[in-house]
Amino acid sequence: MFVPSVTHPIGDFIRDLVPRVAEYLPASIQSDTLNSVIAFLINAVICIIAVCIVNIGSAPILIYMERKVCAHVQCRLGPMRLGWHGTLQTIADVIKMLFKEVYAPSGADKLMFYLAPLIVLIAPFIVCALIPFDKNLVVADVSMGIPLIIAVNGFGVLGILLGGWSSNNKYSLLGALRSGAQMISYEISFAMILLFVVMISGSTNLMSITMGQEGTIFDWWIFKIPVLGFIAFILFFISSTAEMNRAPFDIAEAEQELTGGYHTEYNGTPFAMFYLAEYIALITNSALATTCFLGGFFPPCIGIAAVDNVLNMVPGVVWFFAKIYFMVWCYMMVRWTFVRPRVDQLMDFEWKFLLPVNLVLLVAGAAFIAIGG
Amino acid sequence: MFPDLPLSFPMGGMDIAFYVVALVILLTAVCCVAVKNILQSAVFLIFSFVTTAILYMLMHAEFIALAQVMVYVGGVVIFVVFTILLTSHLGEDAFSTKMPRIFTAFVLSIAFVFVMVKCVLPTPDLASGIVNSPADYSSLQNFALRLLGNDPNGFIIPHLRYHNRPPHQGRCRRGGF
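Residue numbers (my numbering), protein chains in the order written: chain A, -15 to 357; chain B, 254 to 430.
Only chain A is shown next, with the shape it has when bound in the complex (with noise of 0.2 angstroms):
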């Protein structure tokens, strides 16, 4: 029989939990491989609900940070009146939107106007349950990772090609294309990026990427490889900010020229749901990043003994949401101070600049490793 396990203390404790109950039921049905799978399935219903948490959970409150650093950027306020600062108005904006007529354009193709959300959330959700959160706070710790995520972010581009196509409107359609073209683009230097955190970590795994930068702050892979870490970080924040179709890369949208883009004709849950899919982009990007170069859930320990032992403390979990928000934050500050790059201007800095950048560096970080490490 078939059970495959769920190996982490949360897993461990179901698995003793499940047969000291089922010792009440009649004796007739008890049996070891019922009790192994109702743990199993335990196990797994507990990995989707948190897998749901944290990226349902958290598209709310990057709503809310997005308006409020938004508006700081512009000198305003932003929301204010509905609870503490505004804190009720995106809960507000949620069930107004959940609770919204879903209808689609007349010409629309159904089948594919209703399946493109689901298909733009299918990468974020793949990847959000690959990070480890904290040593032992991972939902599935796969041996092969990286090529995971390399392999689930062309779903994205697939969603938004066929809401665009499938709303049967031009804007729609431009926006599709020019997002298309732009996330094959991008997605090419995102990998490559990645490959080269696979390079210098030896290993395709999350888990052991990030226990690979333990110790001190000059331990993480932004610092470890003298000037190439910092680099490839940059490389990095580009490319994942093109990958994700946020300004200044949102071409894809462009709001003064396209209405929108590729969801126009969306309302109600379906639009939620696209919504939703750049949210959790951001936090999964964010959470990749601060897994492959700011040390995952290690603290930012200095080396000094008192200060690392206040530090370590905390618990990691603490340490890596507090590094996911400022990668957002960072993400959000990029977003209201660039501007925005024409359609030939994006493709020319991937093509002629990104790409050529990528190869050196993926070179230099070979030559580091067979020279210096």
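Honestly, the hints are just simulated from the structure, not real lab data. Errors might be hidden in some of the hints.
Partial list, derived from the structure: chain A residues whose beta carbon lies under 8 angstroms from chain B [to be verified]:
| id | residue |
| --- | --- |
| 1 | Asp93 |
| 2 | Leu95 |
| 3 | Ser127 |
| 4 | Ala135 |
| 5 | Gly138 |
| 6 | Phe139 |
| 7 | Val141 |
| 8 | Leu142 |
| 9 | Leu145 |
| 10 | Trp149 |
| 11 | Leu161 |
| 12 | Ile168 |
All C-beta atoms, glycine included, are put in the ideal place defined by N, C-alpha and C.
Since the structure of chain A is already known, use the hints to place chain B on it.
Relative to chain A, chain B alone:
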């Protein structure tokens, strides 16, 4: 349950997973050729490839599964882009085929299925899941060492024939990498 069929059929979780995945592959493949819109067809093709990747994962061939998703999903996405770019009035005029052609295709596919079943069924110990290989057999590390390693087992692609083992063992490797 089926004593006449040469299937080892323990009905474990692996078997159930195999049959579910195989069913989904078949359904999406049929949808891929049956749907009239070329874009929907491409989407079903993608689903078919993804479920094939899941099948590879059930056989513990993770790298091939991920390569399948990477290459085919990415490739079909580009195909979708060009479908949109190069076809005018996409989705407005659904093409139709005449009855004799459908009949011919139907007969041909039935014949193909018959031949396939006839060829596959005599295989001894036909099983749906691969359970014999050790856990790390197809891991990325072994894969990379085999492809690019510096020892006699490495460089599998260019040096295939020059290993210091007898030539009749050189090429035939059972069970993949």
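> Hint numbers the structure violates, sorted upward?
Replying inline: The structure conflicts with no hint, since it agrees with every one listed earlier.
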